[in-house]
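Undergrad: Each chain, letter by letter, is given below.
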Amino acid sequence: MEASSDVNKKSSRTPAGPARAGVFHSDEDLTAVARRLRRHIVTMIARAGSGHPGGSLSAVEIITALYWRILRHKPADPAWPERDRFVMSKGHAAPVLYAALAECGYFPVSELNTLRQLGSHLQGHADRTHTPGVEMSSGSLGQGLSFATGLSLGGRLDGAGWRVYVLLSDGECDEGQTWEAAMAAANFKLDNLTAIVDRNGIQLSGFNRDIMKLEPFKDKWAAFGWHVAEIDGHDISQVLDALAAAQKVKGQPAVIIARTVKGKGVSFMENNVDFHGKAPNAEQLEQALKELA
Amino acid sequence: MSDAVSLRETYGQTLVALGKTNPDIVVLDADLSPSTMTKFFAKEFPERFFEVGIAEANMIGIASGLAAAGKIPFASTFAVFAPGRCFDQIRVSVAQARLNVKIAVTHAGVTVGEDGASHQALEDIALVNTLPGFTIIVPADAIETDRAVRAAAAHVGPCYIRMPRPKLPLIYDESYKFKIGKAVTLREGQDAAIIAIGVMVSQALAAAAELGKEGIDCRVLNMPTVKPIDEKAIIKAAQETGAVVTAEEHQLNGGLGSIVARVVAAHHPVPMEFVGVNDVFGQSGKPDELLVKYGLTAADIAGAVRKAVGRKG
Chain A
0 MEASSDVNKK
10 SSRTPAGPAR
20 AGVFHSDEDL
30 TAVARRLRRH
40 IVTMIARAGS
50 GHPGGSLSAV
60 EIITALYWRI
70 LRHKPADPAW
80 PERDRFVMSK
90 GHAAPVLYAA
100 LAECGYFPVS
110 ELNTLRQLGS
120 HLQGHADRTH
130 TPGVEMSSGS
140 LGQGLSFATG
150 LSLGGRLDGA
160 GWRVYVLLSD
170 GECDEGQTWE
180 AAMAAANFKL
190 DNLTAIVDRN
200 GIQLSGFNRD
210 IMKLEPFKDK
220 WAAFGWHVAE
230 IDGHDISQVL
240 DALAAAQKVK
250 GQPAVIIART
260 VKGKGVSFME
270 NNVDFHGKAP
280 NAEQLEQALK
290 ELA
Chain B
0 MSDAVSLRET
10 YGQTLVALGK
20 TNPDIVVLDA
30 DLSPSTMTKF
40 FAKEFPERFF
50 EVGIAEANMI
60 GIASGLAAAG
70 KIPFASTFAV
80 FAPGRCFDQI
90 RVSVAQARLN
100 VKIAVTHAGV
110 TVGEDGASHQ
120 ALEDIALVNT
130 LPGFTIIVPA
140 DAIETDRAVR
150 AAAAHVGPCY
160 IRMPRPKLPL
170 IYDESYKFKI
180 GKAVTLREGQ
190 DAAIIAIGVM
200 VSQALAAAAE
210 LGKEGIDCRV
220 LNMPTVKPID
230 EKAIIKAAQE
240 TGAVVTAEEH
250 QLNGGLGSIV
260 ARVVAAHHPV
270 PMEFVGVNDV
280 FGQSGKPDEL
290 LVKYGLTAAD
300 IAGAVRKAVG
310 RKG
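Heads up: the protein sequence lines correspond to chains A and B, in order.
Numbering-wise (numbering that gives the first Met the number 0), the first sequence opens with residue 0 and increments by one.
Numbering-wise (numbering that gives the first Met the number 0), the second sequence opens with residue 0 and increments by one.
Simulated from the structure, these hints should not be mistaken for lab results.
Incorrect hints may appear among the rest.
Claimed, not checked - Here are the simulated DSSO-like cross-link-like pairs (lysine-lysine), alpha carbons at most 27 Å apart as the crow flies: (1) B:Lys166 x B:Lys176; (2) B:Lys42 x A:Lys188; (3) B:Lys19 x B:Lys38; (4) B:Lys38 x A:Lys188; (5) B:Lys231 x B:Lys306; (6) A:Lys277 x A:Lys249.
Start from the sequences and build out the full structure, keeping to the hints where you can.
TA: Written out as structure tokens, the structure reads:
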């Protein structure tokens, strides 16, 4: 995809001077970053022999935009109090987060090879007690937005400058708790909170529309009191613009419905429910890496 | 017996006292603040009180987020709704995530009374006891409630505090020092040991007094911390008395009795008897009537002690 001039602009809130020391910064072209993350995802899942490639690949541009341009974070100091918080609610897509954290420098890229192995930092689902840079444990769907709501309340109580971002799957919007949290975040007028829904249209056993109808999805979020934007979740410029716009929303939380393709970037995984939770075999990995070259 | 005092009212007042000295204390409730008595804190510190509506799962998640932001959240509802209504949220977002969330519940057990079975939590201790890293505290009177809430606030790690609805007679005086993980010997004795929690502690003391008249010298232990359980005190009681009886307003399956039996069986097997609710749900009635109906009185404890003593070799 074509990256616009917006793609490489720096976050306006990146601190200047000494406070900037250690804050992650890269001018690299994000299309190249996204391709690298995809290669990591298919490689680590193939090596592990299990995992969730589909929902990891669909979230690549979202994660890339966040970690390379939007979040203020220090890979050498994961507990930096002023960091923006990113909550991975769709914990099964941990590989895309691990790939980004490794590329940013939270841990060596070589550790990606240990995914799902005994004693590894990289658990099958995101786990804050195992992995540097992972803010919250998840994997049981529907819990991340509540956690993000609490984080946002805590930050606001302290008058902190950091913001909270949470990535949801569309499938986990089947969970009632997601809507309890949606109601609460709007009730509390949390404008330091941005949710992104990876709207890839597929969950474990099939298409969302066949399992539990979510539409009219945008209207639901709006009715719950959220500022809603709907974008192409694979167009990095659109993702960046929507995230920047969300920062300016006042008096309500913002949600970005990112329309994506499950398995994006690997032809035989795209829109294929089989690759929700299945690792590619050696031959498929070779083919995937060829396509992602 | 001294005047009865409300544990939940004490809970609410202790939160206010803690809130005055520690700005990180925050309180959440799920539309029950007039009953859980978090209303006192809500009135005093409205900016640090979060009413989440009738949504316990969300409340636990919000509490975990507040904890991750450095706050010390006390999330309150009825014992029947937490953990019952939000066990997975407590499991993943609090216990597995190792976040400093305090879940303080009221209206535990059959002494809820007229509201009936749906509102009488009898399985909550068993559920929370399975979660690594949790501390479970069941205060036996208002003074212990005050101390337990303060100890939970100072403790780093998830806590579950279980309180009943009715007022209970005072067992302790103001000099009482509570320590997480420590049993309290309320009465020395050599023939048998009663290990009790919550509502059953005053019943245990009454039973021991009654048994004393028969020449059975009964030790009474209050076990305010159910997890981590005070293994030393249990082993010592088994070794020195040779018979152990547990008493709880909870299901026998997975409750205090099961937890104590595991320690006794592993370290010093002696005859044991169990006073608790035996695999049935409660029903509507007056609290005192229900204690009789489900075998949770001083007379039931005394009967269990006689049986255990009779089984000694």
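Undergrad: Now look at each hint and say whether the structure bears it out.
TA: Against the structure, the hints:
no.: 1; hint: B:Lys166 x B:Lys176; in the structure: holds, 21 Å
no.: 2; hint: B:Lys42 x A:Lys188; in the structure: holds, 21 Å
no.: 3; hint: B:Lys19 x B:Lys38; in the structure: holds, 15 Å
no.: 4; hint: B:Lys38 x A:Lys188; in the structure: holds, 22 Å
no.: 5; hint: B:Lys231 x B:Lys306; in the structure: holds, 24 Å
no.: 6; hint: A:Lys277 x A:Lys249; in the structure: violated, 41 Å
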